[in-house]
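Novice: Kindly produce the complete structure, drawing on both the sequences and the hints.
What follows is the residue order along each chain.
Protein chains: 4
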Amino acid sequence: MPTQPKAVLRVIAADRPGLVADVANLLFRLGANIHHADDHIDAEANTFFQRVEFALPEGITAGERDRLVEQVGRTCAGWQMQWSLRLADSPRRVAILLSKHPHTALDLLLRHRTGELLCDIPFLISNHPDLEEEVSRRGYRFIHEPIIDGDRRAQEQRIHARLVEEKIDLVVLARYMQILSADFVTPWKERLINIHHSFLPAFAGAEPYRQAYRRGVKLIGATSHFVTTELDEGPIIAQDVTRVSHRDRVDDLVRKGRDLERVVLAHAVRCYLEDRIIAYGNKTVVFE
Amino acid sequence: MPTQPKAVLRVIAADRPGLVADVANLLFRLGANIHHADDHIDAEANTFFQRVEFALPEGITAGERDRLVEQVGRTCAGWQMQWSLRLADSPRRVAILLSKHPHTALDLLLRHRTGELLCDIPFLISNHPDLEEEVSRRGYRFIHEPIIDGDRRAQEQRIHARLVEEKIDLVVLARYMQILSADFVTPWKERLINIHHSFLPAFAGAEPYRQAYRRGVKLIGATSHFVTTELDEGPIIAQDVTRVSHRDRVDDLVRKGRDLERVVLAHAVRCYLEDRIIAYGNKTVVFE
Amino acid sequence: MPTQPKAVLRVIAADRPGLVADVANLLFRLGANIHHADDHIDAEANTFFQRVEFALPEGITAGERDRLVEQVGRTCAGWQMQWSLRLADSPRRVAILLSKHPHTALDLLLRHRTGELLCDIPFLISNHPDLEEEVSRRGYRFIHEPIIDGDRRAQEQRIHARLVEEKIDLVVLARYMQILSADFVTPWKERLINIHHSFLPAFAGAEPYRQAYRRGVKLIGATSHFVTTELDEGPIIAQDVTRVSHRDRVDDLVRKGRDLERVVLAHAVRCYLEDRIIAYGNKTVVFE
Amino acid sequence: MPTQPKAVLRVIAADRPGLVADVANLLFRLGANIHHADDHIDAEANTFFQRVEFALPEGITAGERDRLVEQVGRTCAGWQMQWSLRLADSPRRVAILLSKHPHTALDLLLRHRTGELLCDIPFLISNHPDLEEEVSRRGYRFIHEPIIDGDRRAQEQRIHARLVEEKIDLVVLARYMQILSADFVTPWKERLINIHHSFLPAFAGAEPYRQAYRRGVKLIGATSHFVTTELDEGPIIAQDVTRVSHRDRVDDLVRKGRDLERVVLAHAVRCYLEDRIIAYGNKTVVFE
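Residue numbers (my numbering), protein chains in the order written: chain U, 321 to 608; chain X, 321 to 608; chain H, 321 to 608; chain E, 321 to 608.
Incorrect hints may have been included.
Remember, identical chains collapse to one label, so a pair may be satisfied in a single copy or spanning two.
[To be verified] With a Cα cut of at most 25 Å, we get these calculated SDA-like pairs of lysine to any residue:
1. K576 with H432
2. K509 with Q475
3. K326 with K576
4. K509 with F369
Keep in mind that the hints were calculated from the coordinates and are not lab data. For clarity, every value in this text was computed on a predicted model and none was experimentally measured.
Specialist: So, in structure tokens, the structure goes:
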């Protein structure tokens with residue numbers, strides 16, 4: 321394992337010859353040692369995607385680091401790229417929104433505790449008080465933010481204010497059972513991850529397990545995606561399925577689905593934290 | 321492996337106490353030796369399903385066999401069951417309909433040749449002449465039944481007549497790319513199996529791989545189902561999925577999907593031939 | 321969902337005609353309503369296996385219940401069966417043994433808390449003190465039972481005494497990192513479930529993830545099995561695998577494997593609690 | 321899809337800063353347009369791997385092409401790389417060795433016929449005459465090369481001579497049931513792919529399905545690997561598994577395994593033909 325600080329550069333650009341060489345040269349000149357490089361070209365869209373994980377030079381100073389970021393920015397601007405450079409110095413700040421189903425939220429906390437998710441989780445917010453004890457006894461802060469007098473907009477604004485105030489980078493909807501308004505969703509574009517308990521686009525909307533049971537499918541699924549203003553239509557990050565049979569009733573689907581939801585959501589969050597996801601159009605490139 | 325002739329009894333009935341005992345007693349009195357018995361109760365629908373695989377008594381005569389069938393019928397009638405008793409004396413007769421994609425049809429032929437599918441396949445019918453050579457060189461009869469002057473109805477009637485004349489038990493749509501009319505479908509209820517190249521109900525209709533590509537899913541699937549008059553809405557028999565990524569273009573999805581389609585369709589056909597499927601409502605019980 | 325008390329009968333016997341009918345008649349005469357019945361015949365071993373899940377008659381008295389058990393016993397004895405009848409009146413008592421890896425143990429506790437595992441968990445025992453806080457804060461009793469002065473035998477005896485005293489039905493080794501002696505294992509035959517972090521029989525013994533990494537496999541697995549006196553050789557209950565690639569280092573295998581271990585172990589424990597497992601020879605029948 | 325000729329460069333080298341930039345620059349100067357680039361670093365072994373798929377400049381002449389290859393060679397030599405540059409001008413030549421099980425060989429032929437495997441297959445060789453008709457009727461050349469008077473060495477030499485004479489690039493053992501000697505294997509290092517019908521390293525050697533049945537595993541697998549002089553110990557290219565239960569007898573495992581073997585072997589061959597595999601030590605990097 322490298323002991324030098326790590327960095328991840330992600331870029332999107334119109335695909336032109338020389339682009340790969342230019343990025344590679346830049347990083348070389350900056351003294352970076354590349355650990356992993358993945359690129360992808362969407363030929364239909366003539367778009368180039370790259371993720372480069374590299375170690376900064378040993379003993380780099382804060383000033384040198386700033387110059388490095390500046391030079392990367394200049395090069396990327398030259399190619400009209402969209403780019404993001406993440407220096408692994410400060411962990412990302414993640415907030416979890418939940419309602420009454422504890423399994424995905426508590427699973428994220430367990431993974432956080434055991435070092436699998438490298439981030440800070442300053443608090444969890446719920447529209448219900450039910451899970452306060454479960455969350456608190458694990459040593460995390462639980463905030464109850466109910467919808468008062470049916471005023472969803474006000475509740476959303478209070479949540480938004482807290483997220484901003486606490487400098488949250490990523491919001492995870494861990495079976496948060498409210499449909500968020502476009503006003504809430506828009507500023508968190510590509511920083512708001514949901515877990516939907518079906519294999520989207522099958523069974524979007526309410527009660528997917530009941531829908532699956534009625535249709536008599538032989539597999540059920542879970543889908544983690546960025547939230548957009550179109551319900552259950554955002555870019556898909558991760559999906560998985562498991563086998564069911566005629567013996568499974570709705571509550572069996574719910575139980576089997578819980579394992580899927582936990583694994584799929586955790587995987588998406590982990591990919592996000594490791595800067596493996598690039599969203600474009602209504603899709604994602606996930607460099608695994 | 322048993323050397324005695326095998327039989328499979330399938331029943332559906334309203335669930336009442338005593339039913340299981342009555343069927344078991346009947347088979348015992350008839351001298352049957354039960355090899356496998358599976359039952360299932362759909363509690364919501366209060367419906368009982370059973371599949372019993374048993375060996376007939378050694379040296380049973382044709383007359384005794386007829387009486388056995390009669391007695392089973394009487395018992396089942398007494399419980400107001402729907403039932404089917406299949407004696408494994410004569411193989412089922414299967415016809416395959418295909419168009420231009422050879423992979424599922426040729427795969428079924430290979431499985432038939434190697435003894436995996438115990439049935440007769442007297443012919444394959446296509447609306448296109450393209451695959452005649454591939455089919456014929458494998459030693460199977462290929463019938464070209466084109467749509468002439470756009471008259472689909474007449475073509476369907478010619479196909480139907482052939483199926484009836486040849487006493488076909490099961491019709492398999494191995495990527496047959498015509499939508500069959502309700503007139504054609506209705507008499508083949510629960511004897512007409514299709515392979516749809518998506519994880520239904522996602523991506524029903526035309527060009528599912530293209531739809532999947534556009535939506536950016538991370539898994540693609542295939543679904544085998546009984547055909548009903550509602551397109552892609554019939555009872556699902558088997559489904560499977562495989563992983564895809566941003567690197568996969570539409571033609572990669574098509575290629576990966578071919579393996580799914582082959583395995584899923586063959587599985588459904590095999591379950592049918594072994595009398596493992598009971599359709600009810602718009603679902604199936606598949607005793608595997 | 322049935323509101324009457326449920327019962328599960330499991331039997332193993334030499335396969336003879338009439339056996340199925342006799343069991344079915346017995347249950348019918350006793351007024352039982354069968355919910356599920358699965359049977360299986362191992363033709364090579366000429367052995368019959370059955371699991372019947374049924375509801376007792378409504379309003380059955382304690383005395384009637386005792387007679388029912390007695391009658392079942394008599395019938396089973398008549399067929400020289402091994403049998404077990406479980407009345408779902410009192411939950412089973414489960415003890416968890418763990419060491420330093422928390423994930424499988426805490427996962428079982430979460431499933432227990434959310435009602436997925438119907439049992440009592442009176443305590444967890446560890447040879448290390450490390451996880452005391454994690455366990456206690458979740459409201460479970462943690463017992464530290466260290467190996468003192470290298471005397472493993474004495475430690476095992478203390479653990480055994482506690483298990484007996486607390487009338488434990490099932491002992492779960494949730495990544496308990498000590499090899500238990502034959503003296504300990506023998507009295508817990510078929511009541512002692514382990515999770516091994518590989519796809520057995522590949523990579524038995526120590527450090528399976530490191531072994532898997534060295535061999536360059538493309539899938540890693542986890543195996544839950546009954547513990548016998550032969551290390552990692554007991555009857556397998558459940559297995560699953562997940563995909564890995566050249567990009568995964570040993571610590572990635574460990575991380576990916578944790579999800580497998582949790583799901584596979586929980587599945588095995590659940591099957592046990594629902595009386596779905598019948599062990600015979602060095603194998604299991606698992607009626608799912 | 322690109323219409324320009326494609327090329328694939330694969331390299332292995334000790335990992336040093338500047339390597340990525342140097343390769344990227346080289347390709348840029350040569351006028352190549354990179355379509356995909358994957359790299360990987362094995363930190364333990366301090367080894368760098370890269371696969372670059374690129375289009376040659378439009379209208380490149382034969383002479384320019386030769387110079388390009390020369391320049392690549394010079395650059396790679398400068399970094400002490402092992403390298404391979406494949407220009408997609410002439411398809412690879414593949415020979416298939418088989419015995420009596422037709423499924424994997426015929427499956428490869430079907431994929432070849434439908435354009436999924438881009439290569440020439442000048443002949444198939446078998447130590448048994450049984451499959452001659454099946455192969456020939458599909459329009460491929462079948463060569464019967466039996467072991468005469470027990471002289472395996474002579475038979476191997478005759479096969480080797482044919483492979484050399486026909487300029488074969490890749491030899492595929494499609495259930496070829498003879499153990500090949502070190503003398504045969506050595507010259508085909510990393511060009512000889514086998515399918516083993518188990519999840520290696522479990523159940524190496526003879527009759528893996530029978531071994532799996534006896535052990536009572538809940539999953540069976542198939543493994544495709546490069547053949548080395550150590551039986552079933554060569555670098556693994558691809559693996560997959562499928563679920564089995566107590567209901568499956570040995571012949572069910574064989575049947576289910578056939579689907580695995582076909583898919584896993586075809587996948588390995590396809591990765592080979594697309595230059596996606598880099599073998600090193602006893603492992604593979606497979607850039608998918």
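Novice: If a hint holds in the structure, say so; if it does not, say that too.
Specialist: Okay, the hints, checked on the actual structure:
1. Taking the closest pair of Cα atoms, K576 and H432 come within 25 Å of each other both inside a single copy (23 Å) and across two copies (15 Å).
2. Within a single copy, K509 and Q475 get their C-alpha atoms as close as 19 Å, which meets the 25 Å cut-off; across copies the closest is 53 Å, which misses it.
3. Proximity of K326 to K576 under the C-alpha cut-off of 25 Å is restricted to the inter-copy arrangement: shortest distance 22 Å between copies versus 38 Å within a copy.
4. Proximity of K509 to F369 under the C-alpha cut-off of 25 Å is restricted to the intra-copy arrangement: shortest distance 19 Å within a copy versus 36 Å between copies.
Violated hints are absent here; each numbered hint is respected by the structure.
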